[in-house]
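Undergrad: Spelled out from the first residue to the last, the chains are:
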Amino acid sequence: MVEAHGIRHTRRAASQTSAIQETLCSVASSRSTPEPGAPFEVTEDANGNPRYIYKDIDPVYDSDDSDAPNPGNTIGDIPLSFYDSYPHIGYDINGRKIMRPAKGAALDALLDSIEVPKGWTGLTDPATGKPLQLTEEELDVLKRLTRNEAPEDGYDPYPDMVEYFSGKLEQMPLSAAPEPKRRFIPSKHEAKRVMKIVKAIREGRIQPYRPPEDIEDEDFDVKRYDIWHDETPRADHVMNIPAPKLPPPGYEESYHPPPEYIPDEAELKAWLEQDEEDRERDFLPRDHGALRKTPGYERFVKDRFERSLDLYLAPRVRRSKLNIDPESLLPKLPSPEELRPFPSHVDAILRGHQGRVRSLAFHPRGEYIASGGDDGTVRVWYTPSGYQLWQARISDQDPVSAVQWRPGTDALVLSCAAGENVFLIAPKLPIFSPFSTLDDQVDPITASRDLLNAGWQARSSSPTPNASNGLTGATTKEATATWARPPLKLQAQGVLIQLTLKTAVKVISWHRRGDYFATVSPAGQSNSVAIHTLSKHMTQLPFRRLKGLAQSCQFHPTRPIFFVATQRMIRSYDLSRQELLKTLQPGARWISSFDVHPGGDNLIVGSYDKRLLWMDLDLSTRPYKTLRYHPRAIRAVRFHHGGYPLFADASDDGSLQIFHGKVVGDLMENASIVPLKVLRGHKVEGGLGVLDVDWHPQEPWCASAGADGTVRVWIP
Amino acid sequence: MPKHYRPAGKKKEGNAAKYITRSQAVKHLQVNLPVFRKLSILKGIFPREPKKKVKGNHHTYYHVKDIAFLQHERLLEIFRDIRAYEKKIKKAESKKNPDLADRLRTRAPSYKLDRIICERYPKFVDALRDLDDCLTMVHLFAALPALEKEKIAVKRIHNCRRLSHEWQAFISRTHKLRKVFISVKGIYYQAEVEGQKITWLTPHALQQVFPGDDVDFNVMLTFVEVYETLLAFINYHLYHSIDVKYPPILDPRLEALASDLYALSRYFDANAKQSVVNPEASSLSGSEQVETQQNGIPPDESELRLAQLQHQLPSNEPGALMRLVEDVADEDQEDEDTKACKKLFKNMKFFLSREAPRESLLFIIPAFGGIVSWEGEGAPYKEADQSITHQIVDRPTQGHIFLSREYVQPQWVYDCVNARIILPTEDYMVGRVPPPHLSPFVDNEAEGYIPEYAETIKRLQAHARNEVLPLPGEGTEDLEDPHKLLVEGIIDRAEANEAAERRRKMRIEQKQYLNELKLEVDGVQYPSTASDNKQSSSKETQARESEPDLQQIVQDHANRSMVVMSCRNRELVEAMQIGKKRDLDGVEHLKKRKRKLEEAQKSGNN
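Quick mapping for you: the protein sequence lines, in order, are chains A and B. Heads up: the first sequence at position 314 corresponds to 314 in full-length UniProt numbering, and the numbers run straight through without jumps. Heads up: the second sequence at position 35 corresponds to 35 in full-length UniProt numbering, and the numbers run straight through without jumps.
Pulled out of the complex, with its shape left as it was, chain B reads as follows (with noise of 0.2 angstroms):
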């Protein structure tokens, strides 16, 4: 009788009846492999790792419940449908009858993804809270080329720009753009909506790189399908909540050049206004009214002749876009970060160069309360408008220079994001290597290591809060007064923490080497008494020689309570240790760097 027998007609119980692996599911539900990797993905069923692998490691393993989620599941006969009607079709072709073939191609059974999408995430927190890799791949899809090969269709990719550009417009509109960070892979965005940090990648604004055979394009467009339709509720959710229509109408002439974002941002506007200028209208909607009575203050007189003026402007008036910014609708809802974030570039004006990256200008400026143009048809302002205070270029040398304002180099509107404060331009000019770009996701207190530049920053942020100006000719000199540092609020706690285990183990060795020298001192004094061998011991030289090694001393006494811990505790200690002991030699790696790298600098200098 085999180890495990199991007598017939006898129940399976725990692992065994909990969890079924792979090619048993793939039976169960009679489906193919490529059906039920689309079925799972479109649910967002995933393997599961039991505590006992019933079947052997080597096994996928899914739980049955999610099996019985999956067999319920209606797609999976509009799958066979589908399956049974390309038969059709494929035998309308080859009967050479392509007019029946195009006939029952557009009538082909289809499905839509509502239900699942209301399965999944019962609550919008829970659709936020997923939100990142669905806004990455959107916007990949979105900077991707349509490819017959790889059944990248057009209508996709258009349909991923809108979702990317709808919802950087619901960010930008809101102010709820948080951190920004140009990495070699892309650009980072972090936004904070409901509470929920959403955090996604963009690529660069350059041709894609298709890697060959690596990537199963059909995995990545059936991810596609359910992100396409999350982020699109996601959206209408999200427009409802701050009334405006969805989805928005956009100038076709703004959309032919290119600019859906500044297109979206005007329709933004012109909803706004609409909503301010005509609450009966907007009343028809019942939870709209609701809103407008929760804001409770009645448009004045003169804004309200603004907005109408506005109203009636064309299109493509500066003013329009001033209006943008000033024009938010529940002021008192925001938090302190939001406040900030709209004032950070508040009364600027900015000018992109053709150079500049455009759509991520054009969503981060005015997500932070700043007024931007491009160069380029469907512009709002020129480069030769005078009120612009800030030119973002980037290349070698600038031509033509406006005294009026600044040129700097992109980097600088990104480190400005992620500082929270108007850093000086100095080092940011046209034809200058500007500071290192910090990434603003790294806790330094856990990283134990603060590049320098990130100091400065801190410093500048210290100084804006309390008004005090930089004492000219301050460097980093000044940051080895540990309590000053402290007081400013400069070196963190980590590095006191640390400060202050150093003095309290030299405390202990200086304590315990002092004990021993007292024993030492007026330890028993023993007869010397005369002997006739040569031979005598070395009392004399014992003291030096046996003087403890301090560190070892320490280490020992340590050690010491390692000595009776049990082997499970010891070894979970020691991993510890060697985790700590890692995370130490990487920073005390990037120190040595920078200490060479310094004295390189400086035997260059000389």
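For reference, chain A alone in the conformation it holds in the complex (with noise of 0.2 angstroms):
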């Protein structure tokens, strides 16, 4: 068989050699003319172009041709048995087909079986297709390969030696070169290196090789010495941080912990899908009830290899453990029973307003509260009784969003705003005690008409309104308010002005003496402020241009100077010489609502970012002391101004915090704050809870309005 193949690759590499070389004589020729003795003769052909014929080449021994011995079958190194049903079976080099040798018949087969024909094997050619034929050497060769023996005949794999080098002295040497002098004398160099080891080992750098036995008798580890036998007392290192101990184990790490220790499904099921780092314990607790059925613990190396890392990587610092009672953090506070009285509960619900109480003001002989609401009625409630006196629905789309007395006990003068609409109002309410600084014969409330009425007469008089009394020299004009008769059901019902702004107000401030007052409507930018004469139904604006969106504004209570609160400031101008005074920064987000404290030096101001600040004006622009206790944004701030120390806030929490505020008039001591009581009863509406607050002007009560509907007047 190899040699089938080695017959097989020769024959296909000889055939495209000659091909090749078909190619090249080809176009050798196409240039020149046919040489005699060229291997090709030209022809015509048929259309009369020339034609080479090619004469066959003669696999002589010098051809380039190899020795392969006939053209064999070119289908390559496929089966046979591809061409089982066809006649043929291949392709010659020249395409042609390669027949199916003829098969002899059954006589023929016959006979060759009584006649076996020289080298018959009775194996087929594979290549040719025809019985494969061996000669006599070939089949030695084969014999000689299967027995594992030189394949060559005659090989001998033992030869006898040759002795070319040998001890024996010859008679003519091949080498005549006389023997050198080294041989004859002892080593220089070995000398010097035997002379230093032997002189290595007399200073006993070199020791002799000892068995190792000697050495081993004695065990390594055994110790046979104290080391602290002659051990002083002496203080620990300040730098030694001994490594802290594990916790040591609890009842619910016991092999058989009581019951109440062994989580339940879910917790067990919550244990599992948590991972190992999350989790709180490294082991289930579990009860295994004899010690006998008790598993070994498989994390106990990991554990202590967790350990070991611990020791060695993690860093370690000394902490003092916070052990500080919590009560001692706690400021000494003085006991609400000292400082009474402040308001502590409810004395009357005043139910009526449908929908939210906005806004409501005690009148300055704290008789009346006036309260406005969702509903567009402003109403005047009896403060001892609850009783409500007098309404009015001043407006049938618009909230009344604040209500505000005029100072002064010489008359009864609610302004309320709602809307655009600013309304004066001289309610007619019944008299319960008489007005002490009026007449006897004058009545209140004519005393209040003609105050309001007195202003119509005044314009008249002058009918082009001055402009040169603005603040910042800010010009009067007609078209910023308007002030008008109100329809005529409302004057029936004492409605006497209505004032009418280009926005909504939102914040109504009397200055003391009551001529003038502020209003405020954030929405209209420079418009927000306004500053309105009474006796003159006259309306300034102070400012041409205000930072910020305004938010209140208030007059300080002795002095010339007013206040603005926008969103994040509170600025103080001097009114009589028209200029900034100071710009205080809560450090609120959102001022809500702010207050002055009677004495002038001091304001509170609440934010709707839960905080109420107490600012000291001398002390500092900043706020003096932060409170952040509601939960909810702190809607409106008040002290009370008729002598007590208190304050109060109203937050959306529903609740009203009251505090004890004590102003020293001696600079250096600071003013003391101290929380009393938390009011709680206004319900929570839509996000709301208390959206006004203000103080009896005399007595220690305060008045709330709620977001449920109901003002609530709070008592001692």
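Just to be clear, a hint being listed does not mean it is correct.
Stated by the list, open to error - Computed spacing ranges between beta-carbons, pair by pair:
1. Arg279(A) with Arg432(B): 29 to 39 angstroms
2. Lys269(A) with Glu452(B): 26 to 36 angstroms
3. Ala314(A) with Arg103(B): 16 to 26 angstroms
4. Val554(B) with Pro334(A): 11 to 21 angstroms
5. Leu550(B) with Ser576(A): 38 to 48 angstroms
6. Pro334(A) with Asp549(B): 23 to 33 angstroms
7. Val554(B) with Lys489(A): 50 to 60 angstroms
8. Arg115(B) with Lys269(A): 52 to 62 angstroms
It is worth saying that the hints were derived from the structure and are not from the lab. The beta-carbon is built from N, C-alpha and C at its ideal position, and this holds for glycine as well.
Put the two chains together into one complex; each comes in its own frame, and the hints tell you how they fit.
TA: Structure representation (structure tokens):
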């Protein structure tokens, strides 16, 4: 088989070379006329073109063709069985079919079996499809190969050695060089190296090899002396921090813990689902019942390893454990009992408003409470009894956002804001106690009406309003506000003046004398703050431009100073000199309201970001104290203006906090703030709780307006 | 110019000068990380937390002086030598010269950690204080199989075994064991030596589980190296403090039977006898002489005779063990606790069944004055011994029963030790589920929750102290009477405090409410002037409606000071309150579970 392969390869190679030769020759011949002796002859074909007819190459020994026996089958290395269904078995080099050799008939086969030809093997040559014939020599080679012998005949694997170089002195030596001198003298370098070693041994640097037995008889690990035999008492080194001990095991770690320490199904599942790092315990409390049933702890090695890592990898810090009693952190506050009186519980609940009550105000005499709400009505209540005395629907669509009495006990003038309108009212109220400052003959209601109506005459006498009165050179325009008579229906109820501004008014604040009042309408850019003169029916815009959204404003209780709160800042202006005095920065995100202490040097500020800030104007422009305790926004803050050191705030969480806030005359001492009482009662509706709070002008009572439609009066 | 520019030549100051990062340290010491790790474990150097981390938060910082300390360490040089020497061996091996390699191996440079131990623990107490991890690790390695892959040598394991037994023998001998606890992780022991409480954990005597690649055994082995040396020195010191020779020489027969602990106790016994029998011999060493002089009590004649007798006895006599228990060096120097511990199992003779945890019980029972034997060869007495009082059995049923003795589960021993009284054995009998095993390490008062069985034990202890017999049929019902319990010392201070607090709060609330009521009653009566308005105030309903929520008022009152507190303090207080609440929640959770269980039990009974 091996032979057959080799033959096939060479044959293919030969056929390829001959093909190349042919093409080369054709190229050559196209260039020139055939030379004599060229391997082709030129004839003419049917079209008259030259036609080359090549002679068959005679594969003589010298020829380029190898000694391939004959052009074989060109089908390549595929089984002959593929051609079983064809009459041919492949193609020769010229593409001619090689026909399947005729198979002998049965008689021939019989003859063959009787007379085996020489070299018959019974095999078929796969390349030719003919019976494979092997010569005697070839068979012999195959036989040797199967016996693992050298295939060559007569090969001797163990020939006798020919001794070319031997100890035998030859008569004629191969080399005649004389013996060198070094063969006769000892080596100097060897001597040097030996002496080196000898010296080292003498000096003891090299120890002669000692068998290891005598070292091993002593156990290396056993200690035979005491390292602490002469220990002296000494303090621990400062830098040494002993490793913290592991926490001792608890009940749940027991192999048989009390049943209440074993987690139930849900907890077990939660534990299994948790990440290994997140688990509170690294083991699962289980009841094994008996010691023999307790399995080995599989994390033991890992635990020890982790502890080892902690010991050498974790930074150690000496931390003093915080062991303070939380009580000691609480500031010592005087008992609320010592600071009585202050409102502590509800005296009356004033019901009547539909929807939220937005604003309320005590009359300076304290007898009446005015309130305004989402239903567009203004109501006046009698403080001691809580009965409603008067009401008027001043607006059908806009809620009453601010209600304020005119200061001064001589008249009963109520101002209220609904939408863009500000109404000035002299309500017809029953008079329960004589107004001491007035003559007995003059009815306070008539006085109020006169007060309000006086302006009409003033305006008619000077038809062009004087514009020189503005704070910062602001002009009074007819268009900014119109003073007019309200509809007749309202006039009948005592509403005498309707003042219409450009944008909705949220805050009304009166000057202590009762002639001026300021309004704030946050939406109206430069018109947001307006100061109105009641006696002249005149409106002024003190600020041409205001930084930020105006939120609230107040007159100083004693001096000609005007405070304006924007979202973040509170600015105070001197009214007489028309200049900015101070810019206060309470640090709140959004101021909701503020109030000036009756002394005039302190402010409380409430903000929508839940803070109550106490500002001391003498101290700093920053808050002296920030109190954060309400869970919701603070809507209103108010000082008691009648002599009690009290203030209150109203929050969206439905509670009011009453504080004791004492301002000492001495400049060296700071104000003391003591929380006294949380007043709860208002319900939270639509995210709003208490919307406004006001103090009784004389008594330690306060009233609050709630989003639940009630006004509550709180007394000690 | 960068923000923290330092001019060239100006020295670093502050944290930048005091602390260096680990990679800086490794570079500075010119070693590789494994060597640095090994050095820092051996020397006990640990990272620190500087106030200001100059190089950033994700670095590990070492103190500069700690690194200097490492730099001056001779071990550093030795490690370098070892590294060089290993190269020699490797070279010989790769040159196919096994003879040279073997010869080189026999002389490889080695190091001792003696000086390092001395340096790290200048006082003996320091060493004791740091012993917890050491003991746990040595006990773990004593239980590990030798592993070629992880370089855990057989010799190391034998050494750990020997050291742990020596330690146990000393503790047992001097009755210094205080608490034991079988946990799911293993068995915890706590001993008190020289005023130091030493707690260690031994694994259950079962095959240890090797966690795959999570554990780097090189780190553990380095630790074990230190711990072995440390424990060996501690054992030496302790043995010499009670006048026993160290290292102990053990009876090879017992050692072969793997009852080293018993062999050790026998060794103690023999050693002690020698010092009693021939004081002349012991007077050779100065310190021992002082010791005997301090004792000052010449052994009386009968004692001496007994000792002589027992010295001649064959090594495996029960008498020897009896002697062991009684014979203790300095009776006077012992504190109350030790005396109590010594007497706990006095006059009791134990026998351990095959399945009981032998190693642990052989350690504990003699530590509390009991005599113990076990099933197997080398045991001092056999199961048939009539004088045995207790047999420790841990099997569902017991076949042959000797009427003269009690059959109890192993937990009984542990519970007795923790309670320091002999508990009644009914609950611990064979085949029963024993009462819950409680950890002696828990401070019930701090925890706020006391399991039922802890209370039972407390009552039993009280009875044992007062010598009052327990009333028959006394159950948990009388726990309800707090006064009585307080007298008995059963409910503790915390609970009493809690009750007092509750009463105080109630008083405040009551007072406040009364105050308010009073104010409301004698408040100003306003004239109720008639008005033409229909809508009137709802004054009549207000009293009911505005009736304040008492709890809310109390809370507001408490919050009063929180309102004016500074933000920092308020957060602190809130954090504390959260912590307290978490504890309380835990207790509540337990109580709830307990109630549920009881209800389930009740419904199951019905």
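Undergrad: Any of the earlier hints contradicted here, and which numbers?
TA: 3, 5
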